[in-house]
Amino acid sequence: MTERPLLEVRNLRVEFPTRWGTLVAVDDLSLTIERGEVLGVVGESGAGKSMTGTAIIGLLEPPGRIAKGEILLDGRRIDNLPYEDMRKIRGRQIGAIFQDPLTSLNPLYTVGRQLVETILTHLPLTPAQARKRAVELLGEVGIPNPAERFDHYPHQFSGGMRQRVVIALALCAEPRLIIADEPTTALDVSIQAQIITLLKHLCADYGTSVMLITHDMGVIAETADRVAVMYAGRIGEIGLVADVIHRPRFPYTVGLMGSIPTIGEEVERLAQIDGSMPRLNEIPTGCGYHPRCQLAFDRCAVARPELTPAGSSRVACWLYHGDDHDHSPAALASLIHRQSATPAVARAEAGTAEPLVEVAGLRRYFDVSPPWLNRVLERTGRRIVHAVDGVDFSINRGETFGLVGESGCGKSTIARQIVGLYGLTAGSITYQGVSLSSRRERAHDRSRQEKMQMIFQDPHASLNPRWRVADIVAEPMLARGLATSGDEVRERVGALLRQVGLSPADGRKFPHEFSGGQRQRISIARALGGEPEFLVCDEPTSALDVSVQAQILNLMVDLQRRLGLTYLFISHDLAVVHHISATVGVMYLGRLVEWAETRRLFNRPRHPYTRMLLDAVPDLSMTGKRRTPVAGEVPSPINPPPGCAFHPRCPFVTERCRSEIPVAIEIAGSRVACHAVEETRLPDWHAA
Amino acid sequence: MTAVTRENGVGGAFRRGWDSDLAYSFRRSKVTMLAGAITFLFISAALFAPWVAPHNPYDMANVSLLDAFTPPAWEDGGDARFLLGTDDLGRDVLSTIIYGSRISLGVGFASVLIAATLGISLGLISGYVGGKTDAIIMRIAEVQLSFPDILIALLIDGTLRSFIGPGTHGNIAFVVVISAISLAYWVQYARTVRGATMVEKNKEYIQAARVIGRSSIYIMLRHLLPNVMGPVLVIATISLALAIVTEATLSFLGVGVPPTQPSLGTLIRVGNDFLFSGEWWITIFPGAALAIMGLSVNLLGDWLRDALNPKLR
Amino acid sequence: MLAFIFRRILQSIVVMLGVALVSFSLFTYVGDPITNLVGIQSSDEQRAQLRESLGLDDPVLVQFARFVGRAARLEFGISYQQKRKVVDIIAERLPATLELSMLSALLALTLGVPMGIYTALHRDSWFSHLLLSLSLIGVSLPTFLIGITLIYIFAVQLNMLPSFGRGEVVHLGFWSTGLLTASGLKATIMPAITLALFQMTLIMRLVRAEMLEVLRTDYIKFARARGLTNRSIRFGHALKNTLVPVITITGLQLGSIMAFAIITETVFQWPGLGLMFIQAINEVDIPVMSAYLLLIACFFVIINLIVDLLYFAVDPRLRVGREAAAGRSPT
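Residue numbers (our numbering), protein chains in the order written: chain A, 1 to 688; chain B, 1 to 313; chain C, 1 to 331.
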């Protein structure tokens, strides 16, 4: 006898009345979650996954409302309960975890107090028992010295620790279902790995089901049992994780999987789905995906498909319905062939051998000491942030150099130093052999300075919201004097916009009229307007959806080939860096710990930190590889530890590591700064 | 959004304006529209005073003591020529209100303009340049902020008067009042603009402009300024109401505009003496005018603040 | 923490010195200092003698130091108009202003804060709308207008309350209070309300705005997701987070009651410091003006200091953060 599912959602419809009409965020959605199961809900931004979670826990903010459908918890309807009844369910039956640990905790109350309060609200314990339970919980989520930390305030915890507290809070009343809305998105990769593991184990121990909402397929692969792929407010495909990932059936899922860069494969171009997720007021009739679908036919534009079985999953696609059934295997096969990433024939050699940009002994310190009076009275020393602490590397002309690391490692600072936004505390930057290390030198040699341009991370903040797109794109060429007459400018701007895949007519619009991906294209067009040779790209795709990221990465690769550009590509995403770079440098706490050609670095990582990073990357291929346990937190660059900066977290640490800063050595084509490597103490590392 | 048309030219711009969220929220609230209408009325009356007022109360030739203390037209003894009655010198109260509004609004606008220019410039520089300049400007601002505005205005007013000597009349009094109010209120502009500048300064489009090679002044004026003007607008409206009230208060206390060109505050002060002897209209009507004007401007300011607040959308 | 207190006190001293400078300039350069010190009726000979003995030909810095010293001893000179020692005038009028101010402050707080909380929690009730509309009026109308209107209604038309003065006053030592007599009480009502109204509405709007802001935060959302009762969310979490920033601003606002007292005292002819100051401005009575300046500055500086310390005491991020940052980084 099959048990009744823990959660059942039937034909849920969430609407928002606005002055422009009613917007539908979730449209006729049905799913179930079994006891003890982890259901992943994946989709890009605007797909409606967060809305679904919010609706289930009953926290929809007016004017949003549940217009139709039912939500049943263990057979009992909960979507139409009065406020007080629903309140009792929240926390006790259904818990929630949100994305940002920084703002999820009340800064004015101690962590312990917030825990005890929640426990006492739901469980019939005495305050003393509640306190004991709270301390236990803190220990279970991995907080060291829980009894002492009980009385600490949220700001005394780091980001990863705070998310652990949030998990403790969500679990303390022992709910049966947890809705986790992007629980690891705001965290560094190594911390993310820790939190995912924690969540998985705790929920298994307590028998709690999880609805894991995220845009990151890798996290789903590691954590979930089943997964639902959402698009434009509906579920497109739902099934076992292995099935959906390795044998996707919904055309969108096929494209999505192809556009995710992975470390396991090497591809030339990522699969690309043109266009983007429709806005809520522009959802197409029929199947929401049909305008972007390469296999769409007449019926798709007219009628909405329901979920039907296809293999062991269920798919909402006309390809799998009745008379069209015979389309599917062949059509899908060709689609998969077309949508796949184009495998790399042979990775083009890293550009020419001529170094374009050279960085030597680069340092950048920031003095954030408290004022003199404080230091005297509180007996604290100076506090210096070692943002960049002695970095050497060079970038050859025509190649892409990827700089990777977690937050606080200094990669963004280096980018800004190279481009001239920050000064240098020590060291030098050379371009084409000419030093550009000081402001005076840059002002003196404007022609070389002008060959550099920069692309930024946030598509919303990198364009002046009050300028028209044409003016934005035209600014570098006007500043450089490359075009003077109005006609010339107009022509060039039009050409640039076309080059990045937009139309010249877009020049008259304002930035807010474009999507994130389109705004990044405008940024690229602006950078190209200055006719640069060298582009510094600071996390240019980190804020974009995966399918949009694929478009931008492909565009950048095309432009590089066509215009002979050199890229410095900065990212925290190892897979992206692996895909686009010829050479990779790994940074930790302001120092370059390893520098090698991409393939070599990813196949045979030498530095312990590089290994730890690679282990932390979620395993999309689901090969079930073993992981070395990830230790510790990402430290603060203020007053870094003596000797090797990584030694507090390193499993191979010795006395020498604690006192002596390792010097970079060359070993089999990689440059590594590590005593253990030098002393050949490290065991072999096997990828996958 | 779908309904926004993208036509060119003035017609298109107007349509975009009309359809915009700002205008929509204005149209939706009857109270705000009323406030807007009243404010517009006051401003027009003030601008066109010589043509709008039934009499010129400051033309001595037309004013006769025989008409003094006439009650409003609808009461016994009233006169249709003087709709709201006359004061102790025989001047038509309605006309004095219209001319008085002119002074009140004039001083108010002038003060806001000067305070805004001073405050915005200092705020931009302070926020963008940072460092010692910022520290000095903010120190001054903090010290000034620890005292209430009205006190600062009074102190500046009083100090300037002492330097000029007793009997500060005539147009120099205008300079004193406007200076006092401007110097009391520049700080809010500076603080807000500085805050907004510091937020925008770190945004990547500013960094992009620096990479492109634009000078600091260019960045401040062409990139930053358009983006920090939003909150300034709200402050300007609210501080206009405050400026009007402050000027009225100063004039009421006798240290405002010269008595030969009375503002609404002066009128209220003068009329206060006759409140007990029963000639209530000399003070109550100017009082009502001041109240309505202040209320309307404040309502507009409230609406503007809610409409421009991105978090409320 | 200690460093903070030190720095604030240092700052306060600097501000006081600055104000003292302005006061000194007024005293020495605008008026005739001899006249300020000994009155208008004195012969030329006396004046010349005094000039020398008082060292008025000494360097500015010395004179300034002397001025500060005298001020510390409460020697503010002699009023032009009243021909009495300024410090006596001040002592006489201080209780009137203080009593009125404290009463108004009490009124403003005890009504303003609860109203603010109510209008934030019950956004759509008709009572909230009413309160908000009234608050708009309270904020838009100048204080003196409110005073005049009250006088008109209650004194002129209804003849219930006196329109000026303090009524009968009882002297307790150096303090004089009007609260112990019937006429004194009646005389206090309208001025107190006039003075309190502006502050009350300001506080109410402030509390409301801050509370609405807090109710929108992520931690409140998370608290709701944990199923905490409405009561504990509103009064345990939201209220506390609202009051922390509000406390400080409220403290400053209450200080400004002293300044608004100037207007109220003028309207009601209330024999306090404010009325004294206005009269001094009109008569260009320099010694009184400069003394008032110093006094009021001192008062504000102290209030600001207390408010800053209060903030420090109440917000754990300031208190605990420093210690944590001093030693290790958060783990």
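No lab work stands behind these hints, which were simulated from the structure alone.
For each residue, glycine too, the CB sits at the ideal point set by N, CA and C.
Among these hints, one or two may not hold up.
To be verified - Simulated crosslink set (BS3-like; lysine-lysine; CA at most 25 Å straight-line): (1) A:88 <-> C:85; (2) C:221 <-> A:88; (3) A:451 <-> B:30; (4) A:509 <-> B:203.
As the list claims (entries may be wrong) - Here are some chain B residues the structure puts well away from chain A; computed CB gaps all over 10 Å: (5) 29; (6) 42; (7) 89; (8) 138.
Each hint, compared with the structure:
1. A:88 <-> C:85: Roughly 71 Å between the alpha carbons, so the hint for residue 88 of chain A and residue 85 of chain C is violated.
2. C:221 <-> A:88: At roughly 15 Å apart (the allowed maximum being 25 Å), residue 88 of chain A and residue 221 of chain C satisfy the hint.
3. A:451 <-> B:30: violated, 57 Å
4. A:509 <-> B:203: Within the cut-off at roughly 21 Å; holds.
5. 29: holds, 14 Å
6. 42: holds, 31 Å
7. 89: At about 54 Å from chain A, residue 89 of chain B clears the 10 Å cut-off, so the statement holds.
8. 138: Non-interface label stands for residue 138 of chain B: nearest chain A Cβ at 15 Å, farther than 10 Å.
Checked against the numbered hints above, the structure breaks hints 1 and 3 and satisfies the rest.
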